[in-house]
Amino acid sequence: MNKSENKFADVPIRVKTWVFIIIAFAIGISHPIAMTFFVSWLIFQSFFEFLRMFKVDTNRLMISVFVGFTQLLFLNFLDFQAFFLCNAALMLIILSCFLFSKVSFSKIFNIGLALAICLFSFPFLYFIRTNLQGLNLIIVIVVTTELNDVFQYLMGKFFGKHKITPKISPNKTLEGFLGGVFLTIVLCNILGFLILKSSIITNSILGLIIGLFGFFGDVFMSYLKRKANIKDTGNLLPGHGGLLDRMDSLVFNAPIFFWILPYVLKL
1 MNKSENKFAD VPIRVKTWVF IIIAFAIGIS HPIAMTFFVS WLIFQSFFEF LRMFKVDTNR
61 LMISVFVGFT QLLFLNFLDF QAFFLCNAAL MLIILSCFLF SKVSFSKIFN IGLALAICLF
121 SFPFLYFIRT NLQGLNLIIV IVVTTELNDV FQYLMGKFFG KHKITPKISP NKTLEGFLGG
181 VFLTIVLCNI LGFLILKSSI ITNSILGLII GLFGFFGDVF MSYLKRKANI KDTGNLLPGH
241 GGLLDRMDSL VFNAPIFFWI LPYVLKL
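All the letters of the sequence shown, read from the start, carry residue numbers 1 to 267 under full-length UniProt numbering.
Hints may contain errors.
[Unchecked claim] Straight-line distance between alpha carbons at most 20 Å, and here's what the computed PhoX-like set of lysine-lysine pairs gives: (1) Lys227 - Lys167; (2) Lys107 - Lys227; (3) Lys227 - Lys157.
[Claimed, not checked] Here are the in silico distance ranges between beta carbons for each label pair: (4) Leu174 - Leu85: 23 to 29 Å; (5) Lys157 - Ile201: 28 to 34 Å; (6) Phe216 - Ile21: 17 to 23 Å; (7) Asp79 - Lys16: 37 to 43 Å.
Calculated directly from the structure, the hints in this document are not laboratory data.
Ideal placement from N, C-alpha and C gives every residue a C-beta, glycine not left out.
Kindly produce the complete structure, drawing on both the sequences and the hints.
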């Protein structure tokens, strides 16, 4: 097998997994109630993978289930402000429990980082879904973010020559990054025209932001994995790794998309 064939050896399994991801995503966003369960599960699974990555072995599953269950309750019964206030209190309680159990400061910092991402980033997917045009908006943010990742991966495979983050993620290239952002802007214009009825300026700005911050989220998670000396956060998704390996680009994109949307849609 030559080098060119080796570069694409993992593509078939990645494509098969994408089919299951798309089905799960379609079911998850189909209704606001389904979205509460979907996001709660995302938070549970992501936090579990974070604890695994940071080598927190004590009560890993039980704590992750507790976090996921509280999110299900909070999303169903609290408004926007109360939700994040309760999550701040939840974060302090969990960190205090780890502090009293004499976990090292470095691990407590890592757990705090995991909680910050799971409790204050991923829930914005739910709040995007429950807004006006919520179904259309969640399709745009998730589809463009995930395909931006695919675009950068493929552009890097085809044209990548210049490493952009060699010490953090050696496979990322300048060509892959630029090509991925460009194709994301194009895709965002297509989706924006078809389902948001927004202007070219609006769609291009959203595509640029999604492409840039999706890349930063991916690199950020790669940095954490590099520090933890692991390749993938799990094996839930064959060909992709864990859920966090697939969700990393949404770490920054979900909250940024939520906050900038009211301003950008006016353009």
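Hint check against the structure, violated hint numbers in rising order = 3, 4
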